[in-house]
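A.B. asks: Sequences listed follow chains R and H, in order. The first sequence runs 988 to 1220 under this note's numbering. The second sequence runs 47 to 240 under this note's numbering.
Hints listed in this document are in silico derivations from the structure and should not be mistaken for laboratory results. On a predicted model such as this, the values are computed, not experimentally measured, just so you know. Among these hints, one or two may not hold up.
[As the list claims (entries may be wrong)] Derived lysine-lysine pairs resembling DSBU-like cross-links, with alpha carbons at most 30 Å apart: (1) Lys1061(R) - Lys1037(R); (2) Lys114(H) - Lys1015(R); (3) Lys123(H) - Lys1065(R); (4) Lys235(H) - Lys996(R); (5) Lys190(H) - Lys1037(R); (6) Lys123(H) - Lys1069(R); (7) Lys1037(R) - Lys1015(R); (8) Lys1065(R) - Lys118(H); (9) Lys1061(R) - Lys174(H); (10) Lys1065(R) - Lys114(H); (11) Lys118(H) - Lys1061(R); (12) Lys1069(R) - Lys235(H); (13) Lys140(H) - Lys1061(R); (14) Lys135(H) - Lys114(H); (15) Lys93(H) - Lys174(H); (16) Lys135(H) - Lys190(H); (17) Lys123(H) - Lys112(H); (18) Lys1069(R) - Lys174(H); (19) Lys235(H) - Lys1054(R); (20) Lys1065(R) - Lys66(H); (21) Lys1041(R) - Lys93(H); (22) Lys66(H) - Lys1061(R); (23) Lys996(R) - Lys190(H).
[What the hints assert, rightly or not] Calculated from the model, a selection of chain H residues having no Cβ within reach of chain R, i.e. all distances over 12 Å: (24) Glu62; (25) Thr210; (26) Gly218; (27) His225.
Positions of the beta carbon are idealized from the N, C-alpha and C atoms, including for glycine.
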Amino acid sequence: MENPIYNRKEMEEMLPDYVFGRLLPDEKEKFELSLSNYPDLSREVQEVRKVFSKLERLDFDNYLERKTRNIPIKVSEKLQQKRNPLNIFARPGFVSLVAGIGVILIAISIFFSKKDTKVIVQNLPSTTQIVKSSPEPIFPQLKDVDKFAEEASLDVSDFNTVVGSVFPGDYTSSFELASDYLDELVSRELVELVPSNTKFQSSIFDNRFFDLLNVLDEKDFQQLIEELKDVQI
Amino acid sequence: MYQLAIKLQSENEIIEEFAKGNVEQAANEFVRRYKNFVYFVALRYVKNHDDAEDIAQDVFIEALEKLKYFRKESSLKTWLYRIAVNKSKNFLRKQRFVSLIPFVRRDDEDERQMDFPDPTQSNRLERKELEEKLIEAINSLPEKQREVFSLRYFENLSFNEISTMLGTSVGGLKANYFHAVRKIASVMKHYLEE
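Between the sequences and the hints, there should be enough to build the whole structure, so can you do that?
C.D. replies: Written out as structure tokens, the structure is:
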């Protein structure tokens, strides 16, 4: 048996290039010389050549050309979209991005508005503080009671004893008595029931207390009312 | 523009023209020259015309954005091939993820059937069927065999170039090429004899 120039593995690796005419002249010559030693490969060469000769009649470049004819235009359009920043608004993701940011902003604003309300409630001065800090008497008639107590040489405990019969509770001064009286008025929302001879210091209530009440939402206002209901008169 | 397109014969000329600022003209020639190659790479992976076309567009968008950084360490074709394969594989990963979600309907299944029609259709479509059958046969090959066959048979690339693209030894590529040709011949022989 004649020694082949190429071994079987080399022959297999070169077979496609031989069939498709891509071997160099000297490679082709050696391949053909070796082929007689491998009848099965020789048959395979014939079969591959037969099949691919039919396939080579296909204009595969034309097939791809038909499939890709729109690509340059579409790429050009996409590039123009990218270059024009205004077109960002036309992108599908933009709407969902804006919507998402909107939802987050709304959630944050709701969260902080609740938090602000709580801070307001927590920092809300008590009516006792308001009454005490007032430069002018809020309820002149109570001032008169206080004055009356002083004139009558009653100390605070005596005063409390006197008024305690009318307003049950442990009051250390007439200011506390007055503030609790005010709390009760607010708690009942019965402003109209304030005695006709009671004079409000409107500047205090308008600017400090009721303004604060106005910023309370319904829930916090109701909570305040509930707390004030516990005040005993 | 057409004059320039004729003038830009080598890939170096395209890159240089791009660097000079003739972006639109260079981009046009760049896409025109490599669109079939990039599309066919994508088609071999995703096996669907619409998806392959979308991927090809994305490949060119990315390539044109990065062309100014291209270092010429490889050919433009090798560079484009890598981008196309990466994008195709990313696409397939996303598709697999979507397929895990049972309530998401995959509309492309019908389209896939349209891209690869049943060979028993009318004889009027024989030529088109033969083309589709060849693509189907190529797509049935293992990835390495499929790629080396396509790059060698259709693109006429040297084994050294393919070796750079696929990261496989030339010897391994030649073996894969032989097996690919043998399988395609076997599949197409049965089809042609029907």
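A.B. asks: Determine for every hint whether it applies to the structure shown.
C.D. replies: Hint check results:
no.	hint	verdict
1	Lys1061(R) - Lys1037(R)	violated (40 Å)
2	Lys114(H) - Lys1015(R)	violated (43 Å)
3	Lys123(H) - Lys1065(R)	holds (22 Å)
4	Lys235(H) - Lys996(R)	holds (24 Å)
5	Lys190(H) - Lys1037(R)	holds (25 Å)
6	Lys123(H) - Lys1069(R)	holds (24 Å)
7	Lys1037(R) - Lys1015(R)	holds (19 Å)
8	Lys1065(R) - Lys118(H)	holds (26 Å)
9	Lys1061(R) - Lys174(H)	holds (25 Å)
10	Lys1065(R) - Lys114(H)	holds (19 Å)
11	Lys118(H) - Lys1061(R)	holds (27 Å)
12	Lys1069(R) - Lys235(H)	violated (48 Å)
13	Lys140(H) - Lys1061(R)	holds (23 Å)
14	Lys135(H) - Lys114(H)	holds (25 Å)
15	Lys93(H) - Lys174(H)	holds (16 Å)
16	Lys135(H) - Lys190(H)	holds (14 Å)
17	Lys123(H) - Lys112(H)	holds (14 Å)
18	Lys1069(R) - Lys174(H)	violated (37 Å)
19	Lys235(H) - Lys1054(R)	holds (26 Å)
20	Lys1065(R) - Lys66(H)	holds (22 Å)
21	Lys1041(R) - Lys93(H)	holds (23 Å)
22	Lys66(H) - Lys1061(R)	holds (24 Å)
23	Lys996(R) - Lys190(H)	holds (18 Å)
24	Glu62	holds (20 Å)
25	Thr210	holds (19 Å)
26	Gly218	violated (10 Å)
27	His225	violated (9 Å)
Going through the hint list in order, the structure does not satisfy hints 1, 2, 12, 18, 26, 27.
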